[in-house]
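Asker: For the protein sequence lines, the chains are A and B, in the order given. According to my numbering, the first sequence is numbered sequentially starting from 874. According to my numbering, the second sequence is numbered sequentially starting from -7.
Simulated from the structure, these hints should not be mistaken for lab results. Hints may be right or wrong, so weigh each one.
[What the hints assert, rightly or not] Derived DSS-like pairs (lysine-lysine); straight-line CA-CA distance at most 27 angstroms:
| # | chain 1 | residue 1 | chain 2 | residue 2 |
| --- | --- | --- | --- | --- |
| 1 | A | K931 | B | K69 |
| 2 | B | K48 | A | K931 |
| 3 | B | K69 | A | K962 |
| 4 | A | K963 | A | K1002 |
| 5 | A | K998 | B | K137 |
| 6 | A | K963 | B | K246 |
| 7 | B | K137 | B | K246 |
| 8 | B | K69 | A | K997 |
| 9 | B | K246 | A | K1002 |
| 10 | A | K997 | A | K963 |
| 11 | A | K962 | A | K931 |
| 12 | B | K48 | B | K69 |
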Amino acid sequence: MSFLEVKDLRIHFPTDDGLVKSVDGLSFSLERGKTLGIVGESGSGKSVTSLGILGLHKGGRARISGEIWLDGEELVGASQEHVRTLRGKKMAMIFQDPLSAMHPFYTVGDQIIEAYRIHNDVSKKVARKHAIDMLGRVGIPQPDRRVDSYPHEFSGGMRQRAMIAMALCCDPELLIADEPTTALDVTVQAQILDLMRDLQRDFNAALIIITHDLGVVAELSDDILVMYGGKCVEYGACEDIFERPEHPYTWGLLGSMPRLDREPTERLMPIKGSPPSLINVPSGCAFHPRCAFEERTGGLSTTQVPELLETEGGHLVRCHLPRERRRAIWENEIKPNLEAS
Amino acid sequence: MGTYIIRRLIWAAVMLTIVSIITFAIFFLVPRLAGATPESLASRYVGRTATAEQVKDAAEQLGFNDPLIVQYGRFAKGIVLGADYNYGPSVEHCPAPCFGYSFLTRLPVWPDLLDRLPVTMSLAIGAAVIWLIAGVATGVLSALKPGSVFDRAAMGIALAGVSLPIFFTGIVSLVVFSYGHPFRITAPGGSFTPFSENPAQWAYNLILPWITLAFLYAAGYARLTRAGMLETMNEDYIRTARAKGLSERVVVVKHGLRGALTPIVTIFGLDFGLLLGGAVLTESTYSLPGIGKYAIDAITNQDLPKVMGVTLVAAFFVVLANLIVDLLYAVVDPRVRLG
């Protein structure tokens, strides 16, 4: 069994308007030292999945079923108290907006010290030294002075570095980064991604990167999982997704990614429509109302939910189009447009 | 930080000056505008039996014929430096801060106020401790389970708390807990024992007024805390705190409550400052000889120097509380830049 195994994970939220199926039957696995990128639009269930793994959904509101095995230990149904002791220590999380994710009234150092001392029985002094070490490791200059700064005294990139230091301070084995670069300047994004890659190598942690930006996962991921409407629509190695993508939604994501190597006059190819309602999920394939190839399935995609099937070694696709048709469409209709320049 | 404090201090001094001008205007200018003559003003300072000649002399001596600016100068000087009252043969010195002499008792106002201050302070401090603990705790518990039975009950009681006037809750509690035999837990009002003399007796005499006053304020603080907690508990940093593996108690108190504290500190400073100027209703209901009771008695007797003294002292406390709140801001919220 892999270090992290998620099997048929379902996270549903009962609301007054109906049952919101934020995550609906998601499975994946991840080894130590490897990186999984989870990609999808807003509301596709990425963040809900990560919060579900950490057990951060408020008790009673979310209905979680399926299995989450972390290092041989089942987390779904485990006591809240037990999962709490794993949080921060065994699994940690980096959040999207470091300004709002850090407490404005405590110094950066205090917040790291707090995180360290929950799981390590050490004096404040030792913890403080550790916090300074960690700040130094994530590349914050003069960490012995900056440790006493408040989050608002840091720049955006420095804050995200501090956030990473906080997440890594207990040496977690699973690190989940939820849109770690979305709130940052482009120039800083690359630095943070480099930092995360270096740190992952040092710490040998399993890393999950959640993003809507394919560029980010291309940099870092070993595997990529594309989510749509709470379900996995395509899952495979990084090369599979970028070189042999087979799902129309993945094609859409690739087409709407701005690229420097394309002609400036060329238009991006956005996916038409908007993400599906998670209460009244479209019948059949959830993507069919937005899919340009929907009619080629002969009406199948409006009536039947496609299965997630393996097309070749570890590459899974959820689509009614036959494999050969998909490949042909990719080679003849999509790829040439993407590489038009 | 230093310049900030100095600036706030100067501002406080300006506020106090403005307050003194307004007070002066209310007590000396408004009656003149309403048609009072120097003689009719002076007639309050001399006995009823005084002749017209004596009143005229008194008006002259008290300076009611001088230009207003001179009168204000004398009034302000009396507060800051003290004043000398010339009664013909003898000169009586009224040490600073001089608010004049009571019409009724012929005693200077300030020492009276000083005597009353410990009562009002005891009342305010004790009530503040109770309402802070009860109000904030109720607010936090309500916010953790909004819509629960506890929340609804607490907010219902809080609504009653802010709506019911002191003279109602005070009298009811006196009837039930003081005069009512089955629940007699405390002495009837009217007695005050200084803390330094007998702390137990001090608390025993004050427990009912404390609770009555605290009920009024706790209700407001519960609602304020609840609203603040509902907001902060949805902040991203609360999720971060949970993700660190903190226990829920630490998350709620150290991260949630800390985030909701700023408005509570602000309101508390102002409420407390206001109370030090006299909890009029509570002190009257329980016959506590504090500043509020003093003010009511003074107003009933039209004893103007006393009323003026209370007004200025109350204003002083409000300005002082504002100053302290401003300084505390920087401590509570490090994002507030001072300078």
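Asker: The structure should be examined with respect to each hint, and the outcome stated for every one.
Answerer: Structure-based check of each hint:
{"no.": "1", "hint": "A:K931 <-> B:K69", "verdict": "64 angstroms, violated"}
{"no.": "2", "hint": "B:K48 <-> A:K931", "verdict": "80 angstroms, violated"}
{"no.": "3", "hint": "B:K69 <-> A:K962", "verdict": "68 angstroms, violated"}
{"no.": "4", "hint": "A:K963 <-> A:K1002", "verdict": "21 angstroms, holds"}
{"no.": "5", "hint": "A:K998 <-> B:K137", "verdict": "37 angstroms, violated"}
{"no.": "6", "hint": "A:K963 <-> B:K246", "verdict": "23 angstroms, holds"}
{"no.": "7", "hint": "B:K137 <-> B:K246", "verdict": "18 angstroms, holds"}
{"no.": "8", "hint": "B:K69 <-> A:K997", "verdict": "56 angstroms, violated"}
{"no.": "9", "hint": "B:K246 <-> A:K1002", "verdict": "22 angstroms, holds"}
{"no.": "10", "hint": "A:K997 <-> A:K963", "verdict": "22 angstroms, holds"}
{"no.": "11", "hint": "A:K962 <-> A:K931", "verdict": "20 angstroms, holds"}
{"no.": "12", "hint": "B:K48 <-> B:K69", "verdict": "24 angstroms, holds"}
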